[in-house]
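*Asks:* In case you want the letters, here they are:
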Amino acid sequence: MKNNILILPSIIFFLILSIFLYLLIIDRNPSEIPSNLLNKNTPIFEAKSLFKNEKFISANEFKDEIILVNFFATWCKPCRDEHVYIQRFADEKDLKIIGINYKDNNKKAIKWLEDLGNPYENVLIDKKGKIAIDWGVYGIPETFIINSNGIIMYRNVGPITNKIYKKINLIINKNE
Amino acid sequence: MNSLILRKITLITITFCITQFFLNTSYSVEPDEILNNPKYELRARNISKNIRCMVCQNQSIDESNAPLAKDLRILIREKIKEGNKDEEIYAFLTDRYGDFILLKPPLNSKTLFLWLLPIIFLILGAYTIFYHNKKSR
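Chains as they are written, first to last, in the numbering used here: chain C, 1160 to 1335; chain P, 431 to 567.
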């Protein structure tokens, strides 16, 4: 009889234990935070361009086509690692890519793009990191996919790897 | 002699523990960030203490040295100077980073289970103890 009383708490205890175990086993990164901007409109902002003289006004840009937005900096080693994939998106998919140069030196950024190739249709300057905050960025590189309605479809925190490259390709193909 | 040393060590240890207990938080606010208006500064500090550093994740932006934490501290102070209310500042941050940026999760449909879990455990524990004692008698 005494044992019967302990059945319910024991079941609950093992249930909670199994949930924790499941969370440990599944393929997930607990430090990765889902973006609050997913399925929402792109943030409204204005920025100076690294190469163009005209001001970038987000409301005029994020429409009519799929756009990839990539936050990068020359001082960020993973940005260099993923650059080859950003270049592949520009070459193979003919995708419009907007680079946002985060807390960087303009001269260094120009030199970096000359050396590694420039896959960006436009490079925006985010000297103080304010645009990054508007996008909910917390660690660069970060990449966003925006559909033709200006809605954020996907966000990747960290460098693009082969696996993520394929995943992004699938999302682009689905939305084309 | 030995007991005297032991007493001294105990006294030092206790003093150290008490001091650590009251001074266990370090702050990262830099002098150039501090606002001239003490009321505004106090508001900024209070908000900062509730905002999670997204880089370190287990510290508030008030305690964190991460560059993003500093950017957010400055942003909060700018928003206060612009005349924004505390709720508006919290809304600005959660719109961009989600509820995760709040160190204390708000009570809503997604977090209901989290908030109710301690109460459920309390009831279960009380139920078990109560019936266990009753049966033992």
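Source of the hints: derived by calculation from the structure; they are not laboratory data. A portion of the hints provided could be inaccurate.
[Unchecked claim] Beta-carbon label-pair distances, calculated as ranges:
no.	chain 1	residue 1	chain 2	residue 2	range
1	C	L1174	P	N432	50 to 58 Å
2	P	K564	C	L1180	57 to 65 Å
3	C	E1280	P	L552	52 to 60 Å
4	P	H562	C	F1173	18 to 26 Å
5	C	I1184	P	T440	44 to 52 Å
6	C	R1247	P	N495	51 to 59 Å
7	C	L1180	P	Y470	47 to 55 Å
8	P	E460	C	K1326	27 to 35 Å
[What the hints assert, rightly or not] Straight line, CA to CA, 27 Å or less: simulated BS3-like cross-link-like pairs of lysine-lysine:
no.	chain 1	residue 1	chain 2	residue 2
9	C	K1270	C	K1199
10	P	K565	P	K469
11	C	K1286	P	K509
12	P	K511	C	K1289
13	C	K1262	P	K511
14	C	K1222	C	K1325
15	P	K509	P	K479
16	C	K1287	P	K564
17	P	K479	C	K1262
18	P	K509	C	K1214
19	C	K1289	P	K500
20	P	K511	C	K1236
21	P	K479	P	K500
For every residue, glycine included, the Cβ atom is placed at its ideal position computed from N, Cα and C.
*Asks:* What hint numbers does the structure not satisfy?
*Replies:* Going through the list in order, the structure violates hints 2, 6, 8, 9, 10, 16, 20 and respects the others.
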